[in-house]
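J.: Now for the letters of each chain:
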Amino acid sequence: MTKKISHEELQKIVTSVPMLSASASQLLQLTAKEDHDLIDVINLVRNDANLTARVLKVVNSAAFSLVNKVTSIDRAISYLGERIIVSIAIGDCAGKLFQKELSGYEAAGGDLWKHDLRTAIASREVVFQSGVDLNPALAFTAGLLHDIGKALISDYLQGSVIDAVEIVSAEEELNYLDAEEILVGFDHTQAGYELAKAWQLPEELAEVIRHHHNPANAKEEYRLLVYAVHLGDNIAMMGGFGTGSDSMRYKLDNNYKNYINITPNSLATVMLNVDIEFEKLESSLNNSGDET
Amino acid sequence: MGQIILGVGDYGASNSPGDVVKTFALGSCVSVIFLDPKSRTVGMAHIALPDSSINKAKAAEKPGYFADTAIPALLTKMSKFGCDKRGKGMIVKLCGGANVMDTNDTFQIGKRNALAIKKILWSYGMGAIAEDLGKNFSRTVSISVAAGQITLSSPGKPNWQL
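Chain order of the listed sequences is A and B. The first sequence begins at 1 in this note's numbering and counts up by one. The second sequence begins at 1 in this note's numbering and counts up by one.
Next comes chain B alone, as it looks inside the complex:
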């Protein structure tokens, strides 16, 4: 059984039933999760910022970092596992995107990340069927490829499923 650990700006996919895909401590970052029931593939991206226009070089080097480049990159990666290139038939779930307390618009990066991601998903005709977004705590996410089950954890809280 393997663990695929994704850092900030990483994205990855697996169809090995023994694998677990995991990312630690999402603050304002958002984890986009694609589950493809047909090929039994799980994909995840750990997205830090909404828009790659602030640094094209970084986006080229680490497409998973920005919402607008992460989603196409993740879809391309998953297509190698036999998934539809435009995400047809995939189940989408989102988590993370927290904000510190009393944030104003400028500091609501978590919210802006989630919005940017949803907009891009729409352009593919995709939409999240489940989400655990916002509030003010960090989240660690892990997905078992075999069951497609998503477990979230945060210090001081019992684990929960999405």
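Isolated chain A, as found in the complex:
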């Protein structure tokens, strides 16, 4: 029923996706750098009037229930933190892609964004709870972007959900990546990687997109980050926020233990914190967007 995507077609799909806005792109570059300052983030946002307005709207939304209205962008950004600024910037310029209905996975519109947001929060929480030496904001951003390839190949997977589930159920070694590749010729990490290149994302983010299901294949220098998102992704699915038919149908790479130390108790704390933080973040991002 499905048709394989050729390399040329994949390139066509990638080029049909709108580019990131200049400020979103610069934000991703900047926040990926280990030694950047918050002041650089502030200056970047200040130069984008739309983004400034959105950030102020979010900080003053009911979710944060601040007593006094925040009118300065400096204060808003220090209060919200980098990760929320990145979420706003990405949501603004690539919202359509993230909010897309993934009919090829039988996932409703908005499910991908929710899964990505949960993965982002979980990846960051994994960093906190395990105490690994990794920039938590980078783990968040990487989590937000990790599954972008699904939005690219979903249309081509339309009508294939029964077949895909059959493929992964028939053989124990096969996971949903294999099903995607069998059905349309590419899995979502390969497609996402092509978009990462087109968007000129920093290499560490591209590596996460490409290897988040197989962290061992990532370049050694980024492997810890990729493992953090690998765990964050699985935690998001375990918490009931997958993207439809593929949810939980991937392998956990138990070698994460060589990079990240997480106990059953700290995992439980991560899962709980993800629920708490997600509720807050989702409502603040949603309620501030539509009226502008």
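Hints were generated in silico from the structure; no laboratory data involved. Beta carbons are placed, not taken as given, at the ideal position from N, Cα and C, and that holds for glycine.
For each label pair, taking beta carbons as the anchor points, the in silico distance ranges come out as:
| # | chain 1 | residue 1 | chain 2 | residue 2 | range |
| --- | --- | --- | --- | --- | --- |
| 1 | B | 37 | A | 214 | 42 to 52 angstroms |
| 2 | A | 280 | B | 16 | 32 to 42 angstroms |
| 3 | A | 79 | B | 53 | 28 to 38 angstroms |
| 4 | B | 85 | A | 220 | 56 to 66 angstroms |
| 5 | B | 80 | A | 166 | 43 to 53 angstroms |
| 6 | B | 135 | A | 29 | 39 to 49 angstroms |
In silico DSS-like links for lysine-lysine, alpha-carbon gap of 30 angstroms or less:
| # | chain 1 | residue 1 | chain 2 | residue 2 |
| --- | --- | --- | --- | --- |
| 7 | B | 157 | A | 100 |
| 8 | A | 114 | B | 135 |
| 9 | B | 118 | A | 251 |
| 10 | B | 22 | B | 58 |
| 11 | A | 251 | B | 135 |
Not the full set, but computed from the structure, chain B residues with beta-carbon under 10 angstroms of chain A:
| # | residue |
| --- | --- |
| 12 | 25 |
| 13 | 53 |
| 14 | 101 |
| 15 | 135 |
| 16 | 158 |
Use these hints to put chain B onto chain A, whose structure you have.
T.: Showing chain B alone in chain A's frame:
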């Protein structure tokens, strides 16, 4: 006819024959279902984690979130519909508790949830007569109060009954 939708950590009960009690996309979470034939009441809790000791404040605010606080809370709620406070005579069914593939012990939250729930049920002298637990796919569950019929669904699979 009403739909009672339960989110993560919610619990609810109904004895209105037209109602449907439903919860979406159980991953490692487990849905505990109590059916009381005498009062024709259906109760369900959507449990996320096995043990409330990690966050007592959350447990006080949302008892349905943890196995050890959800079951007493659900029983108390159902007692208001005339059910036995300690669950006597109730039919118990469990579903959910999935695990991602190749998980190690740490990540087997689905399994730990199911075990914790069973342990607490034992302490009440209760036990599940039917369960659909584990494996590696998410489940959506709905129960019609009138028939006490439990329907499960998962993308790519035909619906099934429990």
